[in-house]
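Participant: Could you fit the two chains together into a complex? Lean on the hints.
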Amino acid sequence: MSFVNLGKKEINFKIVYYGPPLSGKTTNLEQLHEIMPDDVKGKMTMLSTQQDRTLYFDFLPLQSSAIKGFVSRFQLYTVPGQQIYNQTRKIVLTGVDGLVFVADSQWEMMEVNVESFENLQENLKTYNRALEDIPYILQFNKRDLPNIAPSHYLEFLLNGGPVKALCKEAVAVKGKGVNDTLNTVCKMVMTQFIEAHNMPSDGGNKEPADRAKDG
Amino acid sequence: MPGYAISEEQSEKLNTALSDLAVQAEADAVFMSDCGGNMIAHFAQSESSAIPTIAALAAGSFAATRELATLIGEPTFHLIYHQGKETSIYMQSVLDFLLLVIFGRSTTVGLVKLYVEKASKELEPILKAIDGISETPAKDSAHPLELDQSSGIFGPGGQPTA
Ligand SMILES: Nc1nc2c(ncn2[C@@H]2O[C@H](COP(=O)(O)OP(=O)(O)OP(=O)(O)O)[C@@H](O)[C@H]2O)c(=O)[nH]1
Ligand SMILES: [Mg+2]
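Chains as they are written, first to last, in the numbering used here: chain A, 1 to 215; chain B, 1001 to 1162.
This is chain B alone, in the form it adopts within the complex (with noise of 0.2 Å):
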């Protein structure tokens, strides 16, 4: 079954690369997304529900630009900026991984690339790490996993009668 973990170890590793790029950068926000959508790190001036989907939407536009790269015959643009009045936003590659830092107009693109490329740096081998993965999570818990057959999977509301 494909499919794969990080640990708590890389989880935090991973928490400190973008909190110190969104230091360094001055920038709002910078996640983490695999191609599939999945946000697997984030840091953020402030917790939002959107962010699911800003993970999915990230994911949705790096693949339709590989593929237009792929019609003109390049091999990949490796990131995307998107220039807004008051907040942009920058994304880059990172091995299989999206990096997208949110910034405002206290920093410029110019800094953000900078620090992102050196982030990526730091990032690298903690993502090549995840590639060798072992961790599960009924090895982490100890005990087998479970599902809770008490209530509907999503509550008791999601189980309406109509």
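The shape of chain A in the complex, shown without the other chains (with noise of 0.2 Å):
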């Protein structure tokens, strides 16, 4: 749900990182966080559990000059994996404008990474939203590791859907791919607002019923 504050000609994204336990959402952020320089990254916060993984979320502010005129601030969000903190992963997709679902690559995850990606579906239906409705690519993680999965099997798995999601693969604790699954889905973001906000606005543009109440 993308905020627009003209006073101070801001565009305010929420991207959400989603996906089984364990996958690396929480390593993208920190990745992210470490490589971003500072005049665009804000301060990363972790709600955690004290064995490190996500209780409720992880929170990085990002901003860029993309969108000529204008400030656009990414907040990027990562949801907990564990199955038990459904309603929590459920409040943090409120309002989304862009997803990344990181996918574990290795063999015996694949069961899991379909559970989740149903479950995202589940979630946003909640919502009254559709994944096929919001900018999204795939994370195949993990690739460093000997027991994973091909990528075409996981597209198999995961990309049978109406659309067809872009994929990029990554090795998130060494950073690799992380930069470009970022960007990609930034600018999926922007374009989808570009191209909506450039439409000519006499009456079609309103959409009093859907913001804020979405949560």
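No wet-lab data here; the hints were simulated from the structure. We put the CB at the ideal spot given by N, CA and C, even for glycine. Keep in mind that a hint or two might mislead.
[Stated by the list, open to error] Computed, partial: chain B to chain A, Cβ under 7 Å: (1) Ala-1005; (2) Ile-1006; (3) Glu-1008; (4) Glu-1067; (5) Leu-1147; (6) Asp-1148; (7) Ile-1153.
[Unchecked claim] If you want the ones that stay clear, here's a sample from chain A, every Cβ over 10 Å from chain B, calculated: (8) Pro-21; (9) Asp-97; (10) Gln-106; (11) Leu-145; (12) Pro-146; (13) Pro-150; (14) Val-163; (15) His-197.
[Unchecked claim] List time: in silico DSBU-like cross-link candidates among lysine-lysine, alpha-carbon distance up to 35 Å: (16) A:Lys-43 with A:Lys-68; (17) B:Lys-1128 with A:Lys-187; (18) A:Lys-8 with A:Lys-90; (19) B:Lys-1013 with A:Lys-90; (20) A:Lys-68 with B:Lys-1113; (21) B:Lys-1113 with B:Lys-1128; (22) A:Lys-164 with A:Lys-43; (23) B:Lys-1128 with A:Lys-125; (24) B:Lys-1121 with A:Lys-125; (25) B:Lys-1113 with A:Lys-90; (26) B:Lys-1121 with A:Lys-90; (27) A:Lys-8 with B:Lys-1013; (28) B:Lys-1013 with A:Lys-9; (29) A:Lys-43 with B:Lys-1113; (30) B:Lys-1128 with A:Lys-68; (31) B:Lys-1118 with A:Lys-90; (32) B:Lys-1121 with A:Lys-8; (33) A:Lys-90 with A:Lys-125; (34) B:Lys-1128 with B:Lys-1118; (35) A:Lys-8 with A:Lys-43.
Facilitator: Printed below as a string of structure tokens:
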């Protein structure tokens, strides 16, 4: 749910990293926090358990001047992958503008990848939203490990829907593919936003019912 | 596509309402965020890089509290108060938005509550007007929006090869 402040010339976007337990969602944000220049990144916040598992969400704000004349603010969130935290996963999805689904490439994680992907779609449905309408990409993480499924198999499992998502391979612990993933999803989100806003706005552009009620 | 905008005028009105509240209640800072964690207006004695984080955490804690309410059969809790030694936080929902006041020992929670109630009444019509929004950045700038492709989205530093 992008939010535009015309007084401040700011556009806010929310990007959520979703996926099964331990697939590397938090690691993606940690690596991004490390590589981003100081004038781009804000403070990183992690709400985790003592065992470093995400309890509520991680949060990293980034800013960009990619849309001419505006400051674009990207608020990056991760959800907790553990099954018991579905309520908090749902809360974090409130008003999402773009999604990264971080899949674990290891063979033994195929079932939880699919479960989590289905869980994402169910949770979006509670907000009357569908994955097809939200810019999203699939990240196949942990490509450094020996026991991994080939990317085309992961695609077969996760990318059979009506809209084909872009897929990116990654080794998040080494920062590989992390920036590429983010840049791609941010570009998709901005493109969708620009297209929607550049349309002639005589009446057709009003969407009073949708916004903040989303929660 | 879901999303909303506030105009320059609405932004000014919100800022005025928040700074009035801060002065009257003798608060250190007053913030207004939405349920998704966007900071929509704020008034603070000093600018801080923590502002987006405050909005995210406020929205998160309010959402969690709302779930707790549901579980015990309450329709909603519409305020949260955290008392600190030196600094305290008072949060109250106003329509679909959250008003957050940070205050020190120069004032009291009773006073803050009183002025928040008063401010909510002033804020409601402003926030309601956002509902029927037809402003778009494109209309505002008289030029179509455009992606600047000259450098990476997050600057040259955001494009490492590693
Ligand atoms: N080998 C390898 N390990 C990885 C990679 N990415 C993450 N890990 C490891 O996987 C473990 C879990 O990573 P997290 O980033 O905490 O996973 P998460 O998805 O945030 O987990 P939850 O918060 O519980 O949902 C950590 O030990 C990481 O170091 C990778 O690309 N390769
Ligand atoms: Mg995590």
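Participant: Decide, hint by hint, whether the structure agrees.
Facilitator: Do the hints match the structure? See the list:
no.: 1; hint: Ala-1005; in the structure: holds (4 Å)
no.: 2; hint: Ile-1006; in the structure: holds (6 Å)
no.: 3; hint: Glu-1008; in the structure: holds (4 Å)
no.: 4; hint: Glu-1067; in the structure: holds (6 Å)
no.: 5; hint: Leu-1147; in the structure: holds (6 Å)
no.: 6; hint: Asp-1148; in the structure: holds (5 Å)
no.: 7; hint: Ile-1153; in the structure: holds (5 Å)
no.: 8; hint: Pro-21; in the structure: holds (20 Å)
no.: 9; hint: Asp-97; in the structure: violated (8 Å)
no.: 10; hint: Gln-106; in the structure: holds (23 Å)
no.: 11; hint: Leu-145; in the structure: holds (19 Å)
no.: 12; hint: Pro-146; in the structure: holds (22 Å)
no.: 13; hint: Pro-150; in the structure: holds (25 Å)
no.: 14; hint: Val-163; in the structure: holds (15 Å)
no.: 15; hint: His-197; in the structure: violated (5 Å)
no.: 16; hint: A:Lys-43 with A:Lys-68; in the structure: holds (25 Å)
no.: 17; hint: B:Lys-1128 with A:Lys-187; in the structure: holds (32 Å)
no.: 18; hint: A:Lys-8 with A:Lys-90; in the structure: holds (30 Å)
no.: 19; hint: B:Lys-1013 with A:Lys-90; in the structure: holds (33 Å)
no.: 20; hint: A:Lys-68 with B:Lys-1113; in the structure: violated (41 Å)
no.: 21; hint: B:Lys-1113 with B:Lys-1128; in the structure: holds (22 Å)
no.: 22; hint: A:Lys-164 with A:Lys-43; in the structure: holds (34 Å)
no.: 23; hint: B:Lys-1128 with A:Lys-125; in the structure: holds (26 Å)
no.: 24; hint: B:Lys-1121 with A:Lys-125; in the structure: holds (34 Å)
no.: 25; hint: B:Lys-1113 with A:Lys-90; in the structure: holds (31 Å)
no.: 26; hint: B:Lys-1121 with A:Lys-90; in the structure: holds (31 Å)
no.: 27; hint: A:Lys-8 with B:Lys-1013; in the structure: holds (13 Å)
no.: 28; hint: B:Lys-1013 with A:Lys-9; in the structure: holds (16 Å)
no.: 29; hint: A:Lys-43 with B:Lys-1113; in the structure: holds (30 Å)
no.: 30; hint: B:Lys-1128 with A:Lys-68; in the structure: holds (29 Å)
no.: 31; hint: B:Lys-1118 with A:Lys-90; in the structure: holds (33 Å)
no.: 32; hint: B:Lys-1121 with A:Lys-8; in the structure: holds (24 Å)
no.: 33; hint: A:Lys-90 with A:Lys-125; in the structure: holds (10 Å)
no.: 34; hint: B:Lys-1128 with B:Lys-1118; in the structure: holds (16 Å)
no.: 35; hint: A:Lys-8 with A:Lys-43; in the structure: holds (21 Å)
The structure fails to meet hints 9, 15 and 20 from the earlier list, while all remaining hints are met.
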